[in-house]
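Asks: Using the sequences plus the hints, can you model the full thing?
As you go down the protein sequences, you meet chains E and C in turn. The first sequence begins at 1 in this note's numbering and counts up one residue at a time. The second sequence begins at 1 in this note's numbering and counts up one residue at a time.
Note that these hints are calculated values from the structure, not bench results. Among the hints, erroneous ones may be present.
[Claimed, not checked] Where chain C lies over chain E, by a calculated footprint (3+ residues, C-beta under 8 Å): (1) 47-54; (2) 62-72; (3) 96-106; (4) 125-131.
[To be verified] Taking lysine-lysine pairs in the DSBU-like style, the calculated list, with each CA pair at most 30 Å apart, reads: (5) 77(C) x 78(E); (6) 78(E) x 24(C); (7) 101(C) x 78(E); (8) 53(E) x 101(C); (9) 78(E) x 46(C); (10) 46(C) x 29(E); (11) 53(E) x 77(C); (12) 100(C) x 96(E).
Beta carbons: idealized from backbone N, C-alpha and C, even for Gly.
Each chain, written out:
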Amino acid sequence: MTLTLLMAHVLLAVVLIGALTHQVFSLWKPLPAQAHRNLWTSFRSVRSMAYTKGIAVLYVLTVIGGGIVYPFYVLDAKQTLVNMGLDPVIGVFEIKEHFAILGLGLLPAYVYYWANAENARDLLVRRILTVILALFVWWNFWVGHIVTTIRGVF
Amino acid sequence: MRKWISPALFTAIFTATYAVLAIKDWTIFFYYPLTQEVSRTRLTVKSGPSMHWYAWIVTAFVVASVLSALVPRRWTKSLDRPLAWIPAVLAIIAILVFEKKWFV
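Replies: Below, the structure written as structure tokens:
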């Protein structure tokens with residue numbers, strides 16, 4: 001059951017990473033009108049505004065999934081890390097749990113500023129909020145992956 | 001809803017409150033995953049490790065919801081843009097500084 005929940009959590013995170021990364025690149029490197037079509041330009045040419053609500057819902061679901069499996073980390077994986085003296089790994093996981101919730105707190109502002117995406121004066125705020133969320137999701141994904149791998153190996 | 005509650009103010013209060021709670025380790029309840037108990041006070045060692053994370057989330061959500069509903073929207077309207085991200089960035093920095101104890 002725990003493994004199933006963990007897999008669901010990871011799969012949601014993968015979709016979230018994809019959506020947020022598309023959105024970040026389309027926002028920071030928008031496609032020029034006469035751009036030649038290739039993989040890179042196609043990656044940036046998504047309708048980023050259409051991703052917003054999906055990203056918010058995915059983010060909440062991913063955090064809920066993480067919140068459900070978190071006690072298993074505390075009882076099992078964390079104890080292994082403590083026994084091995086791997087304090088830096090515990091530290092990066094602590095940061096992951098904080099980032100997840102700080103990101104949750106950012107969502108109302110993120111959704112609000114994307115809902116008014118035609119307002120050019122909000123572009124900087126939109127860019128910053130989107131980049132922060134993307135950094136959180138990337139960090140949390142890799143840290144979760146590394147900790148799971150360490151627990152699996154040892 | 002957005003006419004009365006500023007999403008930016010909610011974000012600012014939520015992130016700041018969460019950072020303070022996490023750094024000070026203030027919690028309104030303890031969750032013990034080993035015994036699946038929720039308690040207002042610390043239990044004995046037999047109950048296993050306690051988790052405060054859920055309490056921080058609940059507290060930050062309640063504080064941010066109440067305060068952002070109480071503060072009239074017009075008071076903060078001109079500050080919405082910086083409120084949306086500056087307190088969050090400061091909360092991130094504070095959390096990172098606090099957690100550097102694991103890396104020394």
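Asks: If a hint holds in the structure, say so; if it doesn't, say that too.
Replies: Results of checking the hints against the structure:
With 0 residues bearing a CB less than 8 Å from a CB of chain C, the region 47-54 of chain E misses the requirement of three and the coverage assertion fails. Here's how the region 62-72 of chain E fares: 4 of its residues keep a CB closer than 8 Å to some CB of chain C, so the rule of at least three is met and the hint holds. Here's how the region 96-106 of chain E fares: 8 of its residues keep a CB closer than 8 Å to some CB of chain C, so the rule of at least three is met and the hint holds. Three residues within the 8 Å Cβ limit are the bar, and the region 125-131 of chain E against chain C gives 3, so the coverage statement holds.
Of the supplied pair hints, the one linking residue 77(C) and residue 78(E) is violated, its CA atoms being roughly 44 Å apart against a limit of 30 Å. Using a Cα cut-off of 30 Å, the hinted pair residue 78(E) and residue 24(C) holds, with the two alpha carbons roughly 21 Å apart. Distance check on the hinted pair: residue 101(C) and residue 78(E) sit about 17 Å apart at the alpha-carbon level, within 30 Å; holds. Note on residue 53(E) and residue 101(C): the hinted pairing is violated, with a Cα-Cα distance of about 37 Å set against a maximum of 30 Å.
For the suggested pair residue 78(E) and residue 46(C), the alpha carbons sit about 18 Å apart, so the restraint of at most 30 Å is met. A threshold of 30 Å between alpha carbons decides the hint, and for residue 46(C) with residue 29(E) the separation of about 55 Å lies outside it, so the pair is violated. Our distance criterion of 30 Å between C-alpha atoms is met by residue 53(E) and residue 77(C), whose separation comes to about 23 Å. Between residue 100(C) and residue 96(E) the CA atoms are separated by roughly 13 Å; this keeps the pair inside 30 Å, and the hint holds.
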